[in-house]
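S.K.: Full structure from sequences and hints, please.
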Amino acid sequence: MNEILHCCEQIFDRSTQPFGIAQVHLDAAGNPADVTIEYLNAAMAATADAAPADLRGKNVYEIWPDGDRAWLEFYYRAAYDDEAVEFETVSVEYRTFQHVSIFPIVRGYCGYEVQDITSWMTHTHTALESVSAGMFFYEARTHLLLLTEPAQECCRMASGYLDVRDFADAFIDEATAQMVYDGIVNFNSEHGRMLCEGQLKDGRWIRLSMSPGEATARFATGFLEDITLLKEVEEKSARRSEIIESLSSEYFALYLVNAKADTIVPYLLRNDVARFFASLIGDDRSYRAWLEHYCDNYIAEADRYSVRTRLSPASVRAFLDEHQADFSLSCRRLYQGEEQYIELRLLRLSGTTDEVVLAARNINEEVKDQLDQKEALQTALTLAEHASEAKTTFLTNISHDFRTPLNSILGFSHRALDHVDQQDLVRNSLEKIIVSGDHLLELINDILDVSRIESGRVVLKEQPLDVVQLMEDLQGVFSSQALEKDIDFTVRTDDVRDARVLGDQLRINQILVNTIGNALKYTDAGGRVEVELTEGDVAPHGVAMFRVVVRDTGCGMSPAFVERIFMPFERDAASRARTEEGTGLGMTIAKNLIDLLGGTVKVTSELRKGSEFDITLPLKLDKEFHERAADAAPEEDVRLLRFEGFRALVVDDDELSREILGAILLDHGFIVEMAGDGDEAVQAVEDTAIGHYDVIIMDMRMPRMTGDGATRAIRALPRPDVKDLPIIAATADAFEEGQRRAREAGMTAHVTKPLDTRKLLLILRDCLRGRGRQGASLG
Numbered sequence: 001m002n003e004i005l006h007c008c009e010q011i012f013d014r015s016t017q018p019f020g021i022a023q024v025h026l027d028a029a030g031n032p033a034d035v036t037i038e039y040l041n042a043a044m045a046a047t048a049d050a051a052p053a054d055l056r057g058k059n060v061y062e063i064w065p066d067g068d069r070a071w072l073e074f075y076y077r078a079a080y081d082d083e084a085v086e087f088e089t090v091s092v093e094y095r096t097f098q099h100v101s102i103f104p105i106v107r108g109y110c111g112y113e114v115q116d117i118t119s120w121m122t123h124t125h126t127a128l129e130s131v132s133a134g135m136f137f138y139e140a141r142t143h144l145l146l147l148t149e150p151a152q153e154c155c156r157m158a159s160g161y162l163d164v165r166d167f168a169d170a171f172i173d174e175a176t177a178q179m180v181y182d183g184i185v186n187f188n189s190e191h192g193r194m195l196c197e198g199q200l201k202d203g204r205w206i207r208l209s210m211s212p213g214e215a216t217a218r219f220a221t222g223f224l225e226d227i228t229l230l231k232e233v234e235e236k237s238a239r240r241s242e243i244i245e246s247l248s249s250e251y252f253a254l255y256l257v258n259a260k261a262d263t264i265v266p267y268l269l270r271n272d273v274a275r276f277f278a279s280l281i282g283d284d285r286s287y288r289a290w291l292e293h294y295c296d297n298y299i300a301e302a303d304r305y306s307v308r309t310r311l312s313p314a315s316v317r318a319f320l321d322e323h324q325a326d327f328s329l330s331c332r333r334l335y336q337g338e339e340q341y342i343e344l345r346l347l348r349l350s351g352t353t354d355e356v357v358l359a360a361r362n363i364n365e366e367v368k369d370q371l372d373q374k375e376a377l378q379t380a381l382t383l384a385e386h387a388s389e390a391k392t393t394f395l396t397n398i399s400h401d402f403r404t405p406l407n408s409i410l411g412f413s414h415r416a417l418d419h420v421d422q423q424d425l426v427r428n429s430l431e432k433i434i435v436s437g438d439h440l441l442e443l444i445n446d447i448l449d450v451s452r453i454e455s456g457r458v459v460l461k462e463q464p465l466d467v468v469q470l471m472e473d474l475q476g477v478f479s480s481q482a483l484e485k486d487i488d489f490t491v492r493t494d495d496v497r498d499a500r501v502l503g504d505q506l507r508i509n510q511i512l513v514n515t516i517g518n519a520l521k522y523t524d525a526g527g528r529v530e531v532e533l534t535e536g537d538v539a540p541h542g543v544a545m546f547r548v549v550v551r552d553t554g555c556g557m558s559p560a561f562v563e564r565i566f567m568p569f570e571r572d573a574a575s576r577a578r579t580e581e582g583t584g585l586g587m588t589i590a591k592n593l594i595d596l597l598g599g600t601v602k603v604t605s606e607l608r609k610g611s612e613f614d615i616t617l618p619l620k621l622d623k624e625f626h627e628r629a630a631d632a633a634p635e636e637d638v639r640l641l642r643f644e645g646f647r648a649l650v651v652d653d654d655e656l657s658r659e660i661l662g663a664i665l666l667d668h669g670f671i672v673e674m675a676g677d678g679d680e681a682v683q684a685v686e687d688t689a690i691g692h693y694d695v696i697i698m699d700m701r702m703p704r705m706t707g708d709g710a711t712r713a714i715r716a717l718p719r720p721d722v723k724d725l726p727i728i729a730a731t732a733d734a735f736e737e738g739q740r741r742a743r744e745a746g747m748t749a750h751v752t753k754p755l756d757t758r759k760l761l762l763i764l765r766d767c768l769r770g771r772g773r774q775g776a777s778l779g
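Residue 183 in this note's numbering sits at position 183 of the sequence shown; the count goes up by one each step and never skips.
Quick caveat, the hints were computed from the structure, so don't treat them as lab data. Bear in mind that the values here come from a model prediction, so they are computed numbers and not experimental data. It is possible that some hints are incorrect.
[As the list claims (entries may be wrong)] Derived lysine-lysine pairs resembling DSS-like cross-links, with alpha carbons at most 25 Å apart:
id, residue 1, residue 2
1, Lys623, Lys432
2, Lys620, Lys461
3, Lys602, Lys620
4, Lys759, Lys623
5, Lys591, Lys620
6, Lys591, Lys461
[Unchecked claim] Ranges between beta-carbon positions, derived for each pair:
id, residue 1, residue 2, range
7, Ala70, Val549, 47 to 57 Å
8, Gln422, Glu624, 33 to 43 Å
9, Ala46, Asp68, 17 to 27 Å
For each residue, glycine too, the CB sits at the ideal point set by N, CA and C.
M.R.: Put into structure tokens, the structure is as follows:
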């Protein structure tokens with residue numbers, strides 16, 4: 001790293017481009033905690049109004065405690081995920097907009113470049129120079145606006161860098177100011193669109209617009225336009241011209257409403273529906289009477305109150321008094337037994353303080369699309385919230401469940417240390433520590449066994465079942481079908497040791513029914529279908545791997561179809577599968593259920609010769625059933641086992657683990673020697689006389705030489721005692737893969753950490769029985 005820093009000094013010290021190198025520090029949980037500035041050039045220091053010596057070697061969040069911690073994630077991704085990132089941000093302290101690039105150097109270190117883009121962002125596009133408009137930028141996290149010079153000129157702002165609230169307060173009335181504030185703050189740059197107009201306190205009119213932009217952009221952009229001249233032109237325009245100019249062809253009806261005289265007059269009726277509702281206007285043309293009749297008979301009950309109150313003569317007068325440009329509401333209208341969404345809109349007319357235009361348009365399709373989108377978004381939100389809640393609940397529960405036994409272990413450990421002279425109290429504390437430790441180990445094993453079901457829609461049950469009985473039931477179900485087709489159908493369960501397990505019988509049955517059913521379906525008369533259930537090894541946490549093999553002599557499948565067999569609706573054109581009835585979903589369902597249960601499935605097939613489905617399912621043994629069986633036999637007291645004179649070599653890179661295991665062995669009469677790594681163990685065996693060691697207990701994961709590597713090296717030594725020398729693997733790896741590695745390396749047995757003392761002593765007894773040496777005794 002020093003060479004890199006030296007090179008950077010040579011290359012970047014004189015560069016005008018701000019550049020630096022940082023080291024990212026992690027907390028105990030592996031999350032980014034702080035960043036140390038290892039190097040920065042003068043240009044980078046200048047961005048903080050400092051010299052390089054002022055900042056080099058210091059932690060960023062000690063210099064700026066209130067700094068933006070969102071940067072930590074970007075530093076971490078570059079330093080530890082080897083990912084280059086770029087983003088824009090705003091510096092509140094230095095009032096600048098910045099473009100930041102962070103890139104990996106070596107693990108834990110990253111380089112970064114910062115570019116002040118304030119002047120670039122405030123540069124006016126030449127296309128805007130001919131109009132009274134200007135661009136602005138909005139940073140949602142800080143609620144800050146950056147106005148370009150034309151935008152400043154447009155709204156006569158003294159500063160180009162200000163808070164949204166300060167900008168909104170420049171408008172003449174509170175309602176407009178609040179509308180501008182809410183429109184900017186709540187703007188969604190990915191889907192939203194915002195357009196509003198308002199009058200400034202100096203009398204000029206401003207139009208503010210924001211449109212969807214890049215979904216990844218840090219800043220939202222918008223335009224400010226001085227529309228004072230436009231407003232003046234509008235005020236001078238004739239009433240009828242204004243109506244035609246201001247309303248689009250989308251409106252099927254236009255009415256002229258006089259709030260003072262309480263009258264309504266149809267102006268434009270585009271279809272029969274509009275003409276029907278215009279016919280409801282009485283001879284006196286009373287707006288109040290027409291509105292009451294319209295609401296009572298043709299507006300959906302849920303919307304009546306809103307339409308009646310918001311379009312009442314009093315509301316229309318308030319609309320005129322408040323100088324609003326327009327006002328609209330949506331409602332459901334009833335006509336000829338059909339309910340449709342419409343929009344009713346009030347539009348102000350220039351040159352009058354009493355009249356407005358009431359416009360109506362059909363928005364049924366728009367609203368339906370919006371409702372569909374809303375439903376889709378709500379569904380996505382619900383799923384996201386469910387996932388988030390599930391994660392939070394999981395972490396909360398695990399944190400609580402882990403802390404409970406840890407609290408007991410620590411508490412009783414301190415208690416025992418404080419009262420070492422009280423034997424009964426110390427023994428009681430140690431017994432409770434063991435109970436809590438066993439509980440903690442059970443929790444860890446349970447977590448390792450959890451199968452994450454991502455969809456969350458299939459809930460697996462864990463219920464007692466007899467797998468042998470299940471297979472016999474399936475044999476009964478399919479025997480008649482096989483007999484009808486003259487197929488030799490057999491089911492074998494001879495190699496099952498533990499028939500009683502815990503699992504989802506419905507899902508397992510569904511997997512086997514689909515698989516066996518397919519085999520019978522595609523096998524002709526005189527053919528053969530064999531089903532074989534076997535039980536594999538049992539893991540330390542009580543889970544056995546059961547294997548179901550379904551073989552048939554049917555039509556078989558083409559190699560291309562074997563690759564696609566688990567895809568929905570797939571049928572094999574090369575076989576007679578096309579002629580058989582079925583949805584093509586059976587094996588898709590079976591595969592998904594196998595995955596949910598944590599199993600595997602392999603398929604081999606040859607066209608016109610037959611197929612074989614090899615399914616493995618991990619199933620937890622029924623502990624209560626086996627515990628009842630175990631209770632019937634007396635349990636041997638391993639505390640009485642003695643190994644006087646036997647010599648053991650304990651190999652582990654962790655000193656505490658060596659000490660604990662050594663103490664257990666010494667208590668039972670062993671002579672104990674220790675080695676701190678695999679290569680030391682190999683050397684120790686090589687340097688001692690033949691028969692010096694009676695047993696080796698070996699950790700599997702060590703820094704210089706692994707346990708399986710050391711075992712192979714010891715077995716390969718040119719001496720007669722190493723061929724049968726018991727070597728026991730002691731490791732925290734509880735998976736079958738770890739046990740397989742131990743067996744393949746030539747290890748005699750395997751125990752998992754935390755050590756089960758009883759199991760270890762029984763293994764030692766079995767390994768050393770019959771291995772005598774002078775002065776050694778086993779009892």
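S.K.: State for each hint whether it applies.
M.R.: We went through each hint and held it up to the structure:
Between Lys623 and Lys432 the CA atoms are separated by roughly 23 Å; this keeps the pair inside 25 Å, and the hint holds. Restraint check: the Cα-Cα separation between Lys620 and Lys461 comes to about 12 Å, which is no more than 25 Å; the hinted pair holds. Straight-line distance between C-alpha atoms of Lys602 and Lys620 comes to about 22 Å, which keeps the hinted pair within the 25 Å bound. A hinted pair counts as satisfied when its Cα atoms are at most 25 Å apart, and Lys759 with Lys623 qualifies at roughly 18 Å.
Our distance criterion of 25 Å between C-alpha atoms is met by Lys591 and Lys620, whose separation comes to about 20 Å. Taking the CA atoms of Lys591 and Lys461, the gap is near 18 Å; set against the 25 Å cutoff, the hint holds. The hinted range of 47 to 57 Å is satisfied by Ala70 and Val549, whose Cβ atoms lie roughly 54 Å apart. For Gln422 paired with Glu624, a C-beta distance near 38 Å keeps the hint of 33 to 43 Å intact.
At about 19 Å, the beta-carbon gap between Ala46 and Asp68 stays in the expected band of 17 to 27 Å.
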